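Produce the entire structure from the sequences given, and follow the hints as far as they go.
Note that UniProt numbering has the sequence shown beginning at 1, numbered continuously upward.
If you are wondering where the hints come from, they were derived from the structure by calculation, not from laboratory data. Incorrect hints may have been included.
[Said to hold, decoys possible] Computed spacing ranges between beta-carbons, pair by pair:
#	residue 1	residue 2	range
1	Tyr55	Arg181	17 to 23 Å
2	Leu92	Ala130	29 to 35 Å
3	Thr281	Ala24	32 to 38 Å
4	Gly152	Arg42	50 to 56 Å
5	Val46	Arg305	33 to 39 Å
6	Met259	Ala24	42 to 48 Å
7	Val107	Met67	22 to 28 Å
8	His36	Leu236	43 to 49 Å
9	Gly372	Leu205	22 to 28 Å
10	Ala79	Leu236	56 to 62 Å
11	Gly152	Ala185	44 to 50 Å
12	Arg42	Tyr97	48 to 54 Å
13	Thr148	Trp258	49 to 55 Å
Please read these numbers as outputs of a predicted model, since none were measured by experiment. For glycine and all other residues, C-beta sits at the position ideal for the given N, C-alpha and C.
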Amino acid sequence: MLGYLSYFSTSFIIAVLLWPFVAAVLTLPILAGLYHRHHRLRALSVGASYLSVLYFTGLVAFTLYPMPDDPDAFCAAHAGDYAPQLDPLRFLEDLQYGGLYGLLQLVMNVVFFVPLGFVFARWLRWRWWAVVGGGFAMSLFIESSQLTGFWGLYPCAYRQFDVNDLMTNTLGAVVGLGVARLFGAWVPAAALPGRDEVNTRPGALHRTVAFVIDMMLVAAAYFPLTMAVVLAFHALATPLANGDFTLFGGLVTVGVGWMNAIAPTAAALAFLVFELLVPLTHRGQTLGGMFTHMTVETVTRHGGRRAAFYAVRTVVLGTLTVMAITGFVAAGSADDGVAATDGPLRIAVIGFIVLFLFAMVARRMPWDSIPGERAAHVVGESVSPISPASHC
Numbered sequence: 001m002l003g004y005l006s007y008f009s010t011s012f013i014i015a016v017l018l019w020p021f022v023a024a025v026l027t028l029p030i031l032a033g034l035y036h037r038h039h040r041l042r043a044l045s046v047g048a049s050y051l052s053v054l055y056f057t058g059l060v061a062f063t064l065y066p067m068p069d070d071p072d073a074f075c076a077a078h079a080g081d082y083a084p085q086l087d088p089l090r091f092l093e094d095l096q097y098g099g100l101y102g103l104l105q106l107v108m109n110v111v112f113f114v115p116l117g118f119v120f121a122r123w124l125r126w127r128w129w130a131v132v133g134g135g136f137a138m139s140l141f142i143e144s145s146q147l148t149g150f151w152g153l154y155p156c157a158y159r160q161f162d163v164n165d166l167m168t169n170t171l172g173a174v175v176g177l178g179v180a181r182l183f184g185a186w187v188p189a190a191a192l193p194g195r196d197e198v199n200t201r202p203g204a205l206h207r208t209v210a211f212v213i214d215m216m217l218v219a220a221a222y223f224p225l226t227m228a229v230v231l232a233f234h235a236l237a238t239p240l241a242n243g244d245f246t247l248f249g250g251l252v253t254v255g256v257g258w259m260n261a262i263a264p265t266a267a268a269l270a271f272l273v274f275e276l277l278v279p280l281t282h283r284g285q286t287l288g289g290m291f292t293h294m295t296v297e298t299v300t301r302h303g304g305r306r307a308a309f310y311a312v313r314t315v316v317l318g319t320l321t322v323m324a325i326t327g328f329v330a331a332g333s334a335d336d337g338v339a340a341t342d343g344p345l346r347i348a349v350i351g352f353i354v355l356f357l358f359a360m361v362a363r364r365m366p367w368d369s370i371p372g373e374r375a376a377h378v379v380g381e382s383v384s385p386i387s388p389a390s391h392c
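Here you go:
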């Protein structure tokens, strides 16, 4: 028995070693998903999410490892040895002639998928048929990965596609569903907030997650625009021997220095759309705020006060954003990128850190100090994330 379990020990160690790195990469999606679901962070939800990352990392490690060292020699020596096993009753023969090893293999195939069924049923709150289907789909993906050498990563199959594994894995998901139901009877799941409820007192981390989502949208908007302008210029311009270009049949001669301003200018325009126009017309909710259910307007403001609020917010965040992009552009074009980071990029990073620390300590942003009339929207009030504000 210990010999059988030791077969998985290395895969488990690999999963544990990879866990921090995978979790770090997935931190933004995890936090965004939790804010989308609960509108704020809960310690149990955070812990459960990162344990789920460990579990899925383990599934991948168990699927991939051990991978034979010499692909050519292994595939030549084991040609046809890992043909798919499609007999649904083969497990009976394994139990009869496999002894303890056959029993442990059967039991562990069930046990491995119990957490999956629990996650689907308890944390994702899927219906029973979705849990069963999800468990079967995950098992089918793993078995197909083994059949295809992890989708061509390895030149041949080095593990067997086994229909009995599909059956036992799916059974494990069903067992996990049952465990989740029993656990729910003992510890009822907390009620989820309404889809239209908005957090009007977001913390520093909540604001950061929403802002990062917005900046990803800004990048998705300005980068193609920048590339389009550059490509159009090179398609229309005629190069000269001195490095300049002519346009419109030689009527205009320009250098290339102005091209360094394309990215910051496009980014500024995208920033104004996503961080000024959108929240201004949607009760303080940017697109990132809509997804994570928060608003940047913590109190109601009208007229000049609301204009001042957005002016200060846009100038501060917009300046830091443009400086960061300018620094990246300069670092990419300079012979020594380190020198470029001493300027705008470094100032932008320091500025964002200062704002984050300020939000942590003061529990608000500097522009929230501009007085308003009253609390903007109480959590629980129906606030449509796509309806224009009535006080634009």
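Verification of the hints:
| no. | hint | result |
| --- | --- | --- |
| 1 | Tyr55 with Arg181: 17 to 23 Å | holds, 19 Å |
| 2 | Leu92 with Ala130: 29 to 35 Å | holds, 30 Å |
| 3 | Thr281 with Ala24: 32 to 38 Å | holds, 36 Å |
| 4 | Gly152 with Arg42: 50 to 56 Å | violated, 41 Å |
| 5 | Val46 with Arg305: 33 to 39 Å | holds, 36 Å |
| 6 | Met259 with Ala24: 42 to 48 Å | violated, 35 Å |
| 7 | Val107 with Met67: 22 to 28 Å | holds, 25 Å |
| 8 | His36 with Leu236: 43 to 49 Å | holds, 44 Å |
| 9 | Gly372 with Leu205: 22 to 28 Å | holds, 24 Å |
| 10 | Ala79 with Leu236: 56 to 62 Å | holds, 58 Å |
| 11 | Gly152 with Ala185: 44 to 50 Å | holds, 46 Å |
| 12 | Arg42 with Tyr97: 48 to 54 Å | holds, 50 Å |
| 13 | Thr148 with Trp258: 49 to 55 Å | holds, 51 Å |
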